[in-house]
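Enquirer: Protein chains in written order, with this note's numbering: chain A, 129 to 626; chain B, 129 to 626.
Please note that a few of the clues may not be correct.
In silico SDA-like pairs for lysine to any residue, Cα to Cα no more than 25 Å straight-line [claimed, not checked]:
(1) K217(B) <-> D482(A)
(2) K340(B) <-> S335(A)
(3) K348(B) <-> Q232(A)
(4) K348(A) <-> S165(B)
(5) K340(A) <-> K134(B)
(6) K348(A) <-> R181(B)
(7) K340(A) <-> V363(B)
(8) K348(A) <-> S162(B)
(9) K340(B) <-> L359(A)
(10) K340(A) <-> A158(B)
(11) K340(B) <-> T336(A)
(12) K340(B) <-> S162(A)
(13) K134(B) <-> Q232(A)
(14) K134(B) <-> E174(A)
(15) K340(A) <-> Q361(B)
(16) K340(B) <-> D381(A)
(17) K308(B) <-> R618(B)
(18) K321(A) <-> V177(A)
(19) K134(A) <-> K134(B)
(20) K351(A) <-> S162(B)
(21) K134(B) <-> V177(A)
(22) K134(B) <-> E166(A)
(23) K348(B) <-> Q361(A)
(24) K348(B) <-> A337(A)
(25) K134(A) <-> R181(B)
(26) K340(B) <-> Q361(A)
(27) K340(A) <-> A157(B)
Just so you know, these hints were derived from the structure itself, not from any lab.
There are 2 protein chains.
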Amino acid sequence: MSHYDKLTSHYQTLSHFNHAQAMLGWDAAANMPSGGSEARSNAMAELSVHIHRLSTQPQLEDWFGNAEQEAFNTEQIATEQQASLREMKRQWQQATVVPEDLVQAQSIAGSKCEHAWRSQRQENDWTGFEKNWKEVVALSREEAKIRGAALGLTPYDAMLDKYEPGTTTASLNTLFTDVKTWLPELIETVLEKQKSESIILPSGTFSTATQKALGLEVMKLLKFDFDRGRLDQSVHPFCGGVPTDVRITTRYDEQDFVQALMGIVHETGHARYEQGLPTAFAGLPVGEARSMGIHESQSLFFEMQIGRSKAFISHLSRLSADAFSAHNDPVFAQDNLYKIYTQVEKGFIRVDADELTYPAHVIMRYEIERDLINGVIEHTDVPALWDEKMKAALGISTKDNVKNGCMQDIHWTDGAFGYFPSYTLGAMYAAQYKATMTQNIDFDSVIQSGDLSPIFQWLSDNIWSQASLHTTDELVKRATGETLNAAHFRKHLEGRYL
Amino acid sequence: MSHYDKLTSHYQTLSHFNHAQAMLGWDAAANMPSGGSEARSNAMAELSVHIHRLSTQPQLEDWFGNAEQEAFNTEQIATEQQASLREMKRQWQQATVVPEDLVQAQSIAGSKCEHAWRSQRQENDWTGFEKNWKEVVALSREEAKIRGAALGLTPYDAMLDKYEPGTTTASLNTLFTDVKTWLPELIETVLEKQKSESIILPSGTFSTATQKALGLEVMKLLKFDFDRGRLDQSVHPFCGGVPTDVRITTRYDEQDFVQALMGIVHETGHARYEQGLPTAFAGLPVGEARSMGIHESQSLFFEMQIGRSKAFISHLSRLSADAFSAHNDPVFAQDNLYKIYTQVEKGFIRVDADELTYPAHVIMRYEIERDLINGVIEHTDVPALWDEKMKAALGISTKDNVKNGCMQDIHWTDGAFGYFPSYTLGAMYAAQYKATMTQNIDFDSVIQSGDLSPIFQWLSDNIWSQASLHTTDELVKRATGETLNAAHFRKHLEGRYL
Numbered sequence: 129m130s131h132y133d134k135l136t137s138h139y140q141t142l143s144h145f146n147h148a149q150a151m152l153g154w155d156a157a158a159n160m161p162s163g164g165s166e167a168r169s170n171a172m173a174e175l176s177v178h179i180h181r182l183s184t185q186p187q188l189e190d191w192f193g194n195a196e197q198e199a200f201n202t203e204q205i206a207t208e209q210q211a212s213l214r215e216m217k218r219q220w221q222q223a224t225v226v227p228e229d230l231v232q233a234q235s236i237a238g239s240k241c242e243h244a245w246r247s248q249r250q251e252n253d254w255t256g257f258e259k260n261w262k263e264v265v266a267l268s269r270e271e272a273k274i275r276g277a278a279l280g281l282t283p284y285d286a287m288l289d290k291y292e293p294g295t296t297t298a299s300l301n302t303l304f305t306d307v308k309t310w311l312p313e314l315i316e317t318v319l320e321k322q323k324s325e326s327i328i329l330p331s332g333t334f335s336t337a338t339q340k341a342l343g344l345e346v347m348k349l350l351k352f353d354f355d356r357g358r359l360d361q362s363v364h365p366f367c368g369g370v371p372t373d374v375r376i377t378t379r380y381d382e383q384d385f386v387q388a389l390m391g392i393v394h395e396t397g398h399a400r401y402e403q404g405l406p407t408a409f410a411g412l413p414v415g416e417a418r419s420m421g422i423h424e425s426q427s428l429f430f431e432m433q434i435g436r437s438k439a440f441i442s443h444l445s446r447l448s449a450d451a452f453s454a455h456n457d458p459v460f461a462q463d464n465l466y467k468i469y470t471q472v473e474k475g476f477i478r479v480d481a482d483e484l485t486y487p488a489h490v491i492m493r494y495e496i497e498r499d500l501i502n503g504v505i506e507h508t509d510v511p512a513l514w515d516e517k518m519k520a521a522l523g524i525s526t527k528d529n530v531k532n533g534c535m536q537d538i539h540w541t542d543g544a545f546g547y548f549p550s551y552t553l554g555a556m557y558a559a560q561y562k563a564t565m566t567q568n569i570d571f572d573s574v575i576q577s578g579d580l581s582p583i584f585q586w587l588s589d590n591i592w593s594q595a596s597l598h599t600t601d602e603l604v605k606r607a608t609g610e611t612l613n614a615a616h617f618r619k620h621l622e623g624r625y626l
Numbered sequence: 129m130s131h132y133d134k135l136t137s138h139y140q141t142l143s144h145f146n147h148a149q150a151m152l153g154w155d156a157a158a159n160m161p162s163g164g165s166e167a168r169s170n171a172m173a174e175l176s177v178h179i180h181r182l183s184t185q186p187q188l189e190d191w192f193g194n195a196e197q198e199a200f201n202t203e204q205i206a207t208e209q210q211a212s213l214r215e216m217k218r219q220w221q222q223a224t225v226v227p228e229d230l231v232q233a234q235s236i237a238g239s240k241c242e243h244a245w246r247s248q249r250q251e252n253d254w255t256g257f258e259k260n261w262k263e264v265v266a267l268s269r270e271e272a273k274i275r276g277a278a279l280g281l282t283p284y285d286a287m288l289d290k291y292e293p294g295t296t297t298a299s300l301n302t303l304f305t306d307v308k309t310w311l312p313e314l315i316e317t318v319l320e321k322q323k324s325e326s327i328i329l330p331s332g333t334f335s336t337a338t339q340k341a342l343g344l345e346v347m348k349l350l351k352f353d354f355d356r357g358r359l360d361q362s363v364h365p366f367c368g369g370v371p372t373d374v375r376i377t378t379r380y381d382e383q384d385f386v387q388a389l390m391g392i393v394h395e396t397g398h399a400r401y402e403q404g405l406p407t408a409f410a411g412l413p414v415g416e417a418r419s420m421g422i423h424e425s426q427s428l429f430f431e432m433q434i435g436r437s438k439a440f441i442s443h444l445s446r447l448s449a450d451a452f453s454a455h456n457d458p459v460f461a462q463d464n465l466y467k468i469y470t471q472v473e474k475g476f477i478r479v480d481a482d483e484l485t486y487p488a489h490v491i492m493r494y495e496i497e498r499d500l501i502n503g504v505i506e507h508t509d510v511p512a513l514w515d516e517k518m519k520a521a522l523g524i525s526t527k528d529n530v531k532n533g534c535m536q537d538i539h540w541t542d543g544a545f546g547y548f549p550s551y552t553l554g555a556m557y558a559a560q561y562k563a564t565m566t567q568n569i570d571f572d573s574v575i576q577s578g579d580l581s582p583i584f585q586w587l588s589d590n591i592w593s594q595a596s597l598h599t600t601d602e603l604v605k606r607a608t609g610e611t612l613n614a615a616h617f618r619k620h621l622e623g624r625y626l
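Just chain A, same shape as in the assembly (with noise of 0.2 Å):
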């Protein structure tokens, strides 16, 4: 057996581990009640014990030496068989390069921070929690050095590089700069805009059955395969599983059904890039999704692309009508729903935001974790700078209101820096998918008609597919021509909003 094949077998060998894992966390928020915790978190600790263990087993790095030597040989090694070594050795270098000591003592201190943060934020108690999270900063730092010394990166480029492989903080400067020159105007025009306009919001009890029955209906308008996948609930909504079994949540609530509608549109854009994943390499790293901002571009385009487009709204205000029995309500009129999906207002919320405001949450969070982690500020830093960002970005300021400013979010309480900006990377992808997708196909006739299949067809030819064959910006250049331009982005904004 050659070294590759070894590494191959090995690293299917995880998957099922990781397979166990999925669908336990899966359960753990979708089913499981209280009295099953401790046991599943004892449970799920080992298997995790067992899967570092697994992926960092010391004869791999002669593996992956002898397997390199094996490709330098072999004249006709297929393309892919060295972008699934690259992947494999991608993922076996994330897994050995953090000391296991520092591993462990970031988990510990993460539990404490985020276990005393989800009393700490409601009582704004910014002394409290600052305590805890120093020493998550700390280490957080330390895996940063020790990230960037082994990659050849700065610290914060190596946190990056665990979520978003190649992009660099160079990009996201070049990228969020420009975006900071246009968008807080467009935020004010627009909201100008939609002053005068009146929108009639949703009230009364919208049954959770009959959500999810609708909830479903929109599944299969977008093509869910049922075969592989299910919907359920959670206390906060995502998708899980394994790509013959992806398992998407969401959440009702009785009072409103449009943002269950919606975040079940989000999920299947996940769903459908998990499904569509190449099964030639099923197991591998190099059949796994590109990376957290690949992946939420498939959500976002869904969402956003297609969920918010003027086409599927008229879709929705059919199907909704239809499950509330409410064909005259003037709610559920198209162009209303359209006001209420499109609706934009600022916040200090995150995940609250529109689609117009939400960029300027995830770069001002992007510039203060940048600073943090490559030391040019302190953690004592965080609240005052918050405040004077949002008070740029959005006008709106956060001084003595931590719990509705840096300590609203989960993310960094537990040291996921490099994560944010996933989010807004996803969004720009999906506007340049776009862009390009509309060269060839018309695309609100293609949704109007109710067959959405070429959109699906572009997304799995370009995308899906595709899986992790590529660099990031190999694959967008192979879909678009171009990488990631953020003029589309702007494009797509100012298109739907002036």
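Position chain B against the provided structure of chain A, taking the given hints into account.
Expert: Here is chain B on its own, set in the frame of chain A:
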């Protein structure tokens, strides 16, 4: 760390992988879409391999030897530790005694036989089945010989030991010979008595949602702990999960609610045993259920002793009439429901059999598999023997009808010999508990009152909390003052049916 502590830690690690396996198995039956099955099978097979590897690690032999020495040297070693050591060693011996190549050969032959049986049974194809089954029987005989040699038991007793440690052919022969002296006549008498009774059978639509709501009400009455468990649906009802998160399932027939309802009562009995196991030994073999038969004694205590009592059926009458808004429908009258749930009928199929004829099915299977594994008969003798025994027990013939004869059950297709007696042992234990319990508890009044706590307290004190601290005989003797005595079972059946 003592070797006893090392073993404890090792078995707790194992329990975490068993947790994963249990939940994946439940999910596969209750949730998984068809497309997920290949990846799930691979993941579960990988987990099985890993669990087997951990269960048979070479150092365990030394650890057990040293731990026994430690126990010998320590006067103060707790009885509970001795029991824990005994049960860990029992599981280790079970896992190591059969050579891996035999396990693998059995797995392949069993899968092949079971797979083909699914269509062969429909086609009444003994000739086809016999070709595959020959190998399964041969390998099971080999397994039985190896186990028997290691344990100093006859081959069939060694197979019994897998499910019912301590139970022997000698004890079963005594119990079942006794039953055979009175059961056939009792069945005839009861059938004659019931001839004149009129029963109104349910018909019409009983929606799955309402049946589930009714099932949940009944589970509440039975004090199922919903913080540590759930009710779901699957094709074959079962009780799965882990003690702090017990997953029971049922299947609903919209034409008739009575089977699903009593099925829920049965599975709730299994569940409460699991939920009542002592947390002090969580994750350790000594903290697990004592045996298949004792497990079945709980489900059958719930189903037969509680569930089919007139007092409990008065609750079922009220709750089901409420659920289906059918207070004037004579189907739901207490007397009628009682007649439905105690109707006796001779039939070919064990899983459809009533309380009274069920033991006849089990005893004939026992006699056949005992002689088959001990080499007294050959696998080709089974259809004729089946026909002969069926005629003796219930007066019906299965000649040229193997699909309703020896090919009706899945158990033998993949070599689960030694398992059938547990069902009737469970029914006998349950009758014996009831006989003891009624010395101090006014059984029917307690049920009638709607607060069944005194009954559950007895089960908790005597069975659930005792887990595997004692041998089965000790457990039953401590609970009832004597080892298993079929007289209680006879008295129960005569009391109910005569």
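Enquirer: Next step is simple, just say for each hint if it's right about the structure.
Expert: Verification of the hints:
| no. | hint | result |
| --- | --- | --- |
| 1 | K217(B) <-> D482(A) | violated, 61 Å |
| 2 | K340(B) <-> S335(A) | holds, 19 Å |
| 3 | K348(B) <-> Q232(A) | violated, 43 Å |
| 4 | K348(A) <-> S165(B) | holds, 22 Å |
| 5 | K340(A) <-> K134(B) | violated, 50 Å |
| 6 | K348(A) <-> R181(B) | violated, 44 Å |
| 7 | K340(A) <-> V363(B) | holds, 23 Å |
| 8 | K348(A) <-> S162(B) | holds, 17 Å |
| 9 | K340(B) <-> L359(A) | holds, 20 Å |
| 10 | K340(A) <-> A158(B) | holds, 19 Å |
| 11 | K340(B) <-> T336(A) | holds, 17 Å |
| 12 | K340(B) <-> S162(A) | holds, 21 Å |
| 13 | K134(B) <-> Q232(A) | holds, 23 Å |
| 14 | K134(B) <-> E174(A) | holds, 16 Å |
| 15 | K340(A) <-> Q361(B) | holds, 19 Å |
| 16 | K340(B) <-> D381(A) | holds, 24 Å |
| 17 | K308(B) <-> R618(B) | holds, 11 Å |
| 18 | K321(A) <-> V177(A) | violated, 55 Å |
| 19 | K134(A) <-> K134(B) | violated, 33 Å |
| 20 | K351(A) <-> S162(B) | holds, 17 Å |
| 21 | K134(B) <-> V177(A) | holds, 18 Å |
| 22 | K134(B) <-> E166(A) | holds, 22 Å |
| 23 | K348(B) <-> Q361(A) | holds, 24 Å |
| 24 | K348(B) <-> A337(A) | holds, 24 Å |
| 25 | K134(A) <-> R181(B) | holds, 20 Å |
| 26 | K340(B) <-> Q361(A) | holds, 19 Å |
| 27 | K340(A) <-> A157(B) | holds, 22 Å |
Hint violations for this structure: numbers 1, 3, 5, 6, 18 and 19, all remaining hints satisfied.
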